[in-house]
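J.: Below, each chain spelled out in residue letters.
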Amino acid sequence: MKSSQDLLHTFTDTLSTLSSADTLQELETEYLGRNGHINAALKGISTVTPEERKTYGQEVNALKTKITQLLEQKKSELLAKQDAQSTVDITLPATPYPKGSLHMVTYAIEEISRIFEKIGFIRMSYPEVEWEFFSFDALNMPSDHPARDDFETFFMDHPKHSEYGKMVLTPHTSSGQHREMKRLGKPPIRMINIAKTYRPNWDASHVPMFHQFEGLCVDKRINITHLKGTIDYFAKQFFGEERETRLRPFHFQFTEPSFEVDITCDICKGTGVINDQKCKLCKQGWLELGGTGMVHPNVLKAATIDPDEYTGWAFGFGVERVMMMRPGIGLSNMRLLYDGDIRVLEQF
Amino acid sequence: MNIKFTYSWLLEYLETDADPYEMQKYLSLCGPSIETVEKVGQEYVFDIETTTNRIDMASVFGVAQEAQAILPQFGKKAKLKFNPFTQYTFENLHAEPVPSHKIHVEIRDPELCSRFTALAFSGITIKKSSEELSKRLELSGIRSINNVVDISNYLMLSLGQPIHMFDYDKIQDHTLILRKSVKNEVITTLDGKKIKLPGEDIVIEDGSGKLIDLCGIMGGENSAITDDTTSILFFVQTYNKKHIRKTSMTTGQRSTAATYFEKGLDEDRVETAFSYGVELIQSMTGGVASSELVDIYPHPVKEKQVRVYLKDIHRVIGVTIAEKKIISILENLGFGVKRHENKELAYPDGVSLEITVPTYRVADVDIKEDIIEEVARVYGYHNLPNNISPLLYIKQPHDMEMLFKTISLSKHFLKHIGLHEFLNYSMVSKEILEQIGMDSSKHLKISNTISSEIEYMRRSLAPSLLKNIKDNEGKRDVLKIFEIAKIYTPRTHELPEEQYVLGIATNTGFFDLKGILEALFTELNITNYTFKKQEFNLLAQNTSTAILSNDTLIGRLGMFRHEFSDNVGLSSDVFIAEIDFAFITNSYSLTSKYIDPISTAVIKLDATIELKDMPYATFVSEAHEQSKLLQTVELIDQYKNNITLRFYFADRARNITEEEAKGELKLVLELL
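These protein sequence lines are chains R and F, in that order.
Taking the working numbering, the leading residue of the first sequence gets 1, the next gets one more, and so forth.
Taking the working numbering, the leading residue of the second sequence gets 1, the next gets one more, and so forth.
It is possible that part of the hints are untrue.
[Unchecked claim] Selected chain F positions facing chain R (in silico; Cβ < 7 angstroms):
| id | residue |
| --- | --- |
| 1 | Phe85 |
| 2 | Lys128 |
| 3 | His382 |
| 4 | Asn383 |
| 5 | Asp439 |
| 6 | Ser447 |
| 7 | Asn448 |
[Claimed, not checked] A few chain R residues that don't get close to chain F, going by computed Cβ distances all over 12 angstroms:
| id | residue |
| --- | --- |
| 8 | Leu70 |
| 9 | Ser76 |
| 10 | Met209 |
It should be emphasised that the hints constitute simulated quantities derived from the structure, not laboratory data.
Using N, Cα and C, we set each Cβ at its ideal position, and we do this for glycine too.
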């Protein structure tokens, strides 16, 4: 048989000519395989004198180690070469995957539901086509209230209900208040009602249908500080931890006291000034978020809840409005959401 | 409503050390919202929003009174310099009328006008107002015209009571008959607009029967004051607010006077405005009172009493406010306060306050909560802590929970496979309904719609989605859109049934649409449905398909009928599906049912066949009947009438041979 030295020479010569991982595998089999050169050399030990056997064995094992090493080294080289071979323009467009979109209102509804769910408010759904009673009378809105006239509310061409009056498209989600009170029979109540609402107003910045979300909390010992804290919690969750809120006196029929909620402006950070100019978006650093208040005793009474035992708060905010007020949206005209232009809608 | 006036004007009523910006900050938190302060020369102009229930606040004096209560809470001095309501009264009137001018007044319907005052003046000289007054008005956004017109505006802004002045000599027979208008009567108002009246409007006719005033909104052109006027009729009223609002809204005459009158004004303030007006007319126009003072006031408004307990104030506000502070807040707002204490009860439970509500607040303050609001707002909402409402568990009805959950899952899935969500108005036009063969009379109709585009409550999402496709044809080659929304099915004596529907429309073909539906059902682990050919009016006959679940119709899909798409003006074929969303909600399952993987041999065999008239679905279901070893059938290829299918055969209990499988396939193919 060939000497170890000769075998190694032949091996290295062949190895240097190899250029692919496949031929490397063949070479490995030729030397290290069951019938390979190394095994043959080990078998040849019987032809060696007993004195030389030890040295012989050591030489063959050393050779095996060396070959194994060289093979691995070569393999790494070849694989590395393979990786470097073809150049890829990684800036080329990739395989396209479908990209759909959801309406901005959908995202808003899910986010609002999530925020209130965490503090134990359940989402409900109530009729959009309603009787006057639920939209107005049960909410302490007398029959001559301006919100009930033809200019503020859509009426349906349908016979009156003997008890509940005319059929309307509800102009606010507050119509769900009475229904939720009646459903539960008595407090505690923690509800969010997110729904479509309708008003006869259609121009550059108004749409005849939009969404509101209504929060209602009725229980023993509920006071203004709870309303204030809950709305502040919502605002910080929805708009960002750094935002502040405030309440200002306002007037609504179904709450007493009533408030308007303001939130600090995102653009001027509540200062009212940006680049030494008056901030155009807000009023002195504040943006109007919506209306709220303590549930009017007449509203509780209408649902046979004793206002001297229970108190509550309620709010009704515009879904599109709060969504457009979120930092970074950059969409400020509500009509765009309902004009049905794919170029607008597909962006969300 | 918003009003504008200057800081210096406010200071005529109020003594304070608060500057205009402090005033803005503090008043906005507790009362009238001062939206902007604009510096013009040496003057500061406030733009103030007042709420509809506080029309008494919508004046310079009204804001001064609020300031008197609010500013001290912020450590600022504030005291009314004088109160026009005690100063300007008929009693103090420095006018001794020479009754040379006659006035005949007749109020036909007392319900229209709760107080009617009038006084004639002669010797009037119409001229420019003083520069000071003109400037003050101009800064408040009111154009200065002449002394008489300016007095009207000045009074309105000072005290919140609009007034009117006629040219006395233009009133035929000096007779004023206040009555309801008859529909289609015509009046030309001061601004030259000819207005056809809707009827039931409050108007005044003179002795000749011609209309000279559209009360509370605008005077008539025929009785207007001109440069030649020498005698005037000075006129201060309060009207029925409902009539004013209706007339103003219907005719589109939204005058400032109307925005005051439609909110209901305090009859007692009529006297103040009247008396102050007399003084201004005398000093600014040289006018001499020349008639009897007319004051028709059959039911004088009265102050009222409201009782509130301290414990209720604390219960609603959530913090304890000192009794002394509560009383001073209320008194500064003009309320009378009388304290009662029941000594048998521990303090403060027995303490109640008997509040006297002044006439200008009687329409607004009714119950103890109204008083609590007054205390709370002036105390300052910013001084109250933030507390989350106490947490407790309330069960959400299961159907609600599942509805919202499946809507959300469906929407997100459809988005992820490339569809775009649209949200359309619930109302559609008669035109589109007719274009697509739907009967508008079977839809709930809005009786006072503002556009024919939004007149009928939709009973299908199809009209909206078709319009969406049409509006976007050409903007994108591929259109795949969906909407999940309610439809409204009228019922006789009830509210309409409101039912959620999933609608999908595409321009990509029947099988693409069917694929979307099947993918959605698979995603939601819904299996209990079949497709079956069935005709629907909306759909082209060759693709019109019913979606059934246990023989119940739960949806439909197909190509939109060409006749209708031509009517709508669509240029491409549109495919449309509608599914009753309740089916999805009820059939949804969180995970699919587990099936053991087949661990024995599975033999795959291909065959190319022609189905002729047999529907594919029928063939497949019969094939399963025919061969118990058949596990699955796959469609591999389609060419003309031929389809290539791959059949998978296996027996879960043992390994089968290829020969066995071939035998099974032969059995299956015998079906053809």
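J.: The structure should be examined with respect to each hint, and the outcome stated for every one.
T.: Status of the hints after comparison with the structure:
Hint on Phe85(F) is violated. Least Cβ distance to chain R is approximately 23 angstroms, over the 7 angstroms limit. A least Cβ separation of about 35 angstroms between Lys128(F) and chain R goes past the 7 angstroms threshold, and the interface hint is therefore violated. Given hint, His382(F) at the interface with chain R, holds; its Cβ is 6 angstroms from that chain's nearest Cβ, closer than 7 angstroms. Using the Cβ-Cβ criterion of 7 angstroms, the hint placing Asn383(F) at the interface with chain R is not satisfied: the shortest such distance is roughly 10 angstroms.
Below 7 angstroms, beta-carbon pairs count as interface contacts, and Asp439(F) has none with chain R, the closest being about 15 angstroms; its hint is therefore violated. Of the supplied interface hints, the one on Ser447(F) holds, with its beta-carbon coming within about 4 angstroms of a beta-carbon of chain R, less than 7 angstroms. For Asn448(F), the suggested interface contact is upheld, since its CB lies about 5 angstroms from the closest CB of chain R, less than 7 angstroms. With a least beta-carbon separation of about 45 angstroms from chain F, Leu70(R) lies farther than 12 angstroms from that chain, consistent with its non-interface assignment.
Chain F leaves Ser76(R) outside its interface by the beta-carbon criterion, the shortest separation being 39 angstroms against a cut-off of 12 angstroms. Chain F draws Met209(R) into its interface by the beta-carbon criterion, the shortest separation being 5 angstroms against a cut-off of 12 angstroms.
Consistency with the previously given hints fails for numbers 1, 2, 4, 5 and 10, ordered from lowest to highest.
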